[in-house]
Every structure is written in structure tokens, then in C-alpha cells.
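What follows is each chain in one-letter form.
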Amino acid sequence: QKEVEQNSGPLSVPEGAIASLNCTYSDRGSQSFFWYRQYSGKSPELIMFIYSNGDKEDGRFTAQLNKASQYVSLLIRDSQPSDSATYLCAVRAGRRALTFGSGTRLQVQP
Amino acid sequence: KAGVTQTPRYLIKTRGQQVTLSCSPISGHRSVSWYQQTPGQGLQFLFEYFSETQRNKGNFPGRFSGRQFSNSRSEMNVSTLELGDSALYLCASSLDGGVNEQFFGPGTRLTVL
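In the order they appear, the protein sequences are chains U and Y. Using this note's numbering, the first residue of the first sequence is number 1, and each one after it goes up by one. Using this note's numbering, the first residue of the second sequence is number 111, and each one after it goes up by one.
These are computed hints drawn from the structure, not numbers from a lab. Quantities reported herein were computed from a predicted structural model and do not represent experimental measurements. Where a beta carbon is used, it is the ideal one built from N, C-alpha and C, also for glycine. Watch out, some of these pointers could steer you wrong.
[Claimed, not checked] Far from chain U by the CB rule (all over 12 Å, computed), these chain Y residues: (1) Gly172; (2) Arg177; (3) Asn187; (4) Leu220.
[Stated by the list, open to error] From the structure, some residues in chain U lie toward chain Y, with a derived Cβ separation under 10 Å: (5) Ser32; (6) Tyr36; (7) Pro44; (8) Phe49; (9) Thr99; (10) Gly101; (11) Ser102.
[To be verified] Dumping the calculated DSBU-like pairs for lysine-lysine here, alpha-carbon to alpha-carbon at most 35 Å: (12) U:Lys67 with U:Lys42; (13) Y:Lys167 with Y:Lys123; (14) U:Lys42 with Y:Lys123; (15) U:Lys56 with U:Lys42; (16) U:Lys67 with U:Lys2; (17) Y:Lys167 with U:Lys2; (18) U:Lys42 with Y:Lys167; (19) U:Lys2 with Y:Lys123; (20) U:Lys56 with U:Lys2; (21) U:Lys67 with U:Lys56; (22) Y:Lys167 with U:Lys56; (23) Y:Lys167 with U:Lys67; (24) U:Lys42 with U:Lys2.
Sequences and hints are given; from them, build the entire structure.
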């Protein structure tokens, strides 16, 4: 079992819809959770981080964390074609290395 | 504030050669991590340095090594290059690791012929 699991996709949504990206992790000691966006040929860009159970909103993005169920999700409201990218979930426990999922490819159809 | 910088951005080497990649973290950041990214394997963690000490290490052979200097700049070295080492090598910095956010540089694209 991988430490951080993501559906590879592609997840296809129409422009203006809500895109929901999910991630599960295996280490119950995980304390910090990150979402990165990576465009093809570019490096990952941090878009959200969350440390506590519940929701955290930043513009069109909402990160949701449920430590009891060991999942973290990212919602993108009013999806735009420019949101088409691979979204990487990353998890860290204490000072251990940041562990990445394999990413979910999102396609927003105009 | 300047971001993470990596040099060189592109590199072509032949099998058996060695290569050194450089990373300058965001000013004030003391933790530097290195990753290898390939289409088939995704982002694979190589190692993390904090205050000139290797704090974490991934599952890569000893041909991959790194170091960090007193100004937090870091280098990674790959000796005896193999075709399978062709990848995007990414460096990321954070204040001190732990819960702090990690920011990536643009990467070095290494091609081994």
C-alpha cells in the first residue's frame, strides 16, 4: 500500500463546475498536508496547506482534512481551463520527509 | 523575495559521467530537499538537508549524494550516470522542514545519453 494515494485520473469537469480531488494517507502521525499544482513541464506550485481538521478556504480553493478517516481533499470552485494540471497531495509527519502522491490529472473542458 | 533557484536548468551527459546540480533556497530557509521526477515514477524523494546535516534520505543508490553549505545552498551529485537517471531534478526549500510549507525551484532537466 502506498503511503499517499490519489486517483490518477484524468478527472474531467466542465468549465464553471466544482472539481473535487481526493487523497488518502496511511501514516496516522501525519501532521501537515499540502496540495501542489503542476503544469506539464513545470515544477510543482504550492496552492494550499492545512494542518487542522475541517475546511480551509483560499479564493476558489478549499482544502478539507479529516484525520480520523485519513483523507484530505481539494475543491476547486468555478473551474477554469487554466486549472487543467496535475494536482499533487503531500503529507508530512513531524520532521520526516514530505511524501507525495502520484497526482491526479484534472482537465477542465471549455 | 526571490524564489528557489536551480542551476543549470538543462544538462546533457553521457553514461558513466558524473554531474553536480546546485540549489539556492529562499532567503532565510534552512531546509533543502531534493526530488527526482520521471513520468513513470512520479516525485521520488532523494534527501533533505537542514543546517548542513542530512536529516532524511530516500531509497536511492549511493551514486546519489548531496551536501549543504553554511549559507544553506545545496548541491547534489550523481556519479556513474545511467540512462535511467534521466529526469527532472527538483529542489525545494522550507524554513525548517516540519510543518512549514515547502517551495520548489524550477528544476534541472538531466538527459543521459
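A quick look at each hint next to the structure:
no., hint, verdict
1, Gly172, "18 Å, holds"
2, Arg177, "17 Å, holds"
3, Asn187, "19 Å, holds"
4, Leu220, "14 Å, holds"
5, Ser32, "4 Å, holds"
6, Tyr36, "8 Å, holds"
7, Pro44, "5 Å, holds"
8, Phe49, "5 Å, holds"
9, Thr99, "7 Å, holds"
10, Gly101, "8 Å, holds"
11, Ser102, "4 Å, holds"
12, U:Lys67 with U:Lys42, "31 Å, holds"
13, Y:Lys167 with Y:Lys123, "25 Å, holds"
14, U:Lys42 with Y:Lys123, "21 Å, holds"
15, U:Lys56 with U:Lys42, "26 Å, holds"
16, U:Lys67 with U:Lys2, "17 Å, holds"
17, Y:Lys167 with U:Lys2, "18 Å, holds"
18, U:Lys42 with Y:Lys167, "24 Å, holds"
19, U:Lys2 with Y:Lys123, "33 Å, holds"
20, U:Lys56 with U:Lys2, "26 Å, holds"
21, U:Lys67 with U:Lys56, "14 Å, holds"
22, Y:Lys167 with U:Lys56, "31 Å, holds"
23, Y:Lys167 with U:Lys67, "26 Å, holds"
24, U:Lys42 with U:Lys2, "25 Å, holds"
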